[in-house]
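Just so you know, the sequences run in chain order Z and X. Start counting the first sequence at 75; every next residue gets the next number (this note's numbering). Start counting the second sequence at 75; every next residue gets the next number (this note's numbering).
In short, the hints are calculated from the structure, not lab data. Accuracy of the hints is not assured; some may be wrong.
The list cannot tell twin chains apart, which means a pair is met if one copy fits it or any two copies do.
25 Å max Cα-Cα, derived PhoX-like pairs, lysine-lysine [stated by the list, open to error]: (1) Lys202 - Lys147; (2) Lys221 - Lys147; (3) Lys202 - Lys264; (4) Lys202 - Lys221; (5) Lys223 - Lys147; (6) Lys264 - Lys221; (7) Lys223 - Lys264.
There are 2 protein chains.
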Amino acid sequence: MPEAMPRPVLTAFDWVPDFARGVVRDLRVRWALEEIGRPYATELLSARDPRPESYLAWQPFDQVPAFAEGDLKLFETGAILLYLGEQDERLLPADAQARWSAIAWLFSALNSVEPFATRIVVYDLLHKDEDWMPPAREAALGLCRQKLKRVSDALGERDWLAGPFSIADIAMVTVLNTLRHTRIVAEYPKLTAYKARGEERPAYQRALAAQLADFENEPSRAA
Amino acid sequence: MPEAMPRPVLTAFDWVPDFARGVVRDLRVRWALEEIGRPYATELLSARDPRPESYLAWQPFDQVPAFAEGDLKLFETGAILLYLGEQDERLLPADAQARWSAIAWLFSALNSVEPFATRIVVYDLLHKDEDWMPPAREAALGLCRQKLKRVSDALGERDWLAGPFSIADIAMVTVLNTLRHTRIVAEYPKLTAYKARGEERPAYQRALAAQLADFENEPSRAA
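Using the sequences and the accompanying hints, generate a full structural model.
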C-alpha cells in the first residue's frame, strides 16, 4: 500500500511554550501514522507570528494540524484520524459493531469529554489570576469529573474503549493528557492506567519525540 | 433500500423544560432521517427520573439520543450522523474531497464550535445568579465570537459548509441554535442567514415537530 500512496503532509508549529509541548494536536495524527508505520512530512508554521491568510483555506480555524494526502486536503484531528482509520484496520476495526463503537468513542472524546477538560485548561492557563476564576473552575470541575467517571465506568476492565486499540484511544488518551498539569485524572485509577497504557506504546513515544524535535527547528533560533 | 433495512430506533426524552425544547440532540438525528425520508421509531426516556442502569451500556454518558439499526448500536450524534451519511449521498457527498470536507466540518461543529457555545449556555442556564458568572461569561464570549467569525468567513457566499447540504450543516445549524436565547449569532449576518436556511428546510421542520410532539406523551401527564 504505502509505495503507491503519496506521503501525507501535516502542519505543526515550529515552537510552542512549555505548557503546550506534547499536547499540540498534531501529536494525535503523528501517533496514528506511527501506529501504521506510515512516513509523513511536516510543514512547520509559526505559533508566534500570524499564519499567512491563505492558510485559512486549508485550516479555517487557523490551528494545527491541517492534513493533505495528494490532492486531498482536510482538517480537524477527528476527521484526519477517521481518514487514516479507514485505510488501516490497526486504527479502526473492520467489523461493523467494533467500527461504529470506535467511531462513537472518537466523537465522545472530542465532544463529550474534551470540552469539559478544555474549560479547566482555559481557566488554569488563561485566567489564573482573575478573582472570578476559582468558583468558575470549581463549577466546571464538577462537570469534568462527571464525564471522566462515565468514561472510567464504561472502560471497566477492558484495555481499550472499543475492543482493539483504535483511533478512539488516540483521541481519548490525548484528551486526558490535556489535564496533565492537574491531579484530576489521578482520581480515576482505571483512566490513569488506561492513559499510561496508551502513552507506553512505541508509536506514541515516536510521535511525541517527533513533535518535540520539531520545536528545535525554529528558524528564529537558528538565525 | 429502505424496504430491506430495519427501521432505526433512537432514544429521546418524554419531557424537557421549555429552554431545552427544540435543542435536545435527538433533533439532529431526526433531521437527518427526515432528509432521506427514512421512517424511524423513538424509545422515550424520562429526563426527570433516573434512566435504568442498563441504558449506560447503550449510551455511556446517560444522554439522548442513542441509536440502533437492527443489531447495530451506537451513540454520539456525530457518529450517528456519519453512519446515516454513509448510507445516502443526500447527507454525505460521494466525491472524496466533498466527503472529507463535510466530515471535517462535522467535527468542527462538534469540537471547534459547540464547546465554546456550550460554555455560554452553561453560564446562562446553570449559573446565572452567581457573582462570578458575568466576568467568566465575558471571557468565554470572546472565544465563542472568535470561532463564529471563523465559520462565517469560511462559509463566505456559499449556502452550505461543504458544497452540497450535508450532515455538517445539520450539526452546525443545531449548534448555532443552542445560542438562540442570546443575540450572539445575530452579530454574524452570514451565519444568521445560513441558520435560517437550514431551519427552513421541510425536513428540519418535520424533525422539530416530531421532537415537540413527543413531549406531549409524558406518561405522568396522562396518568
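| task | Could you work out which earlier hints the structure fails to respect and list their numbers in ascending sequence? | result | 1 and 3
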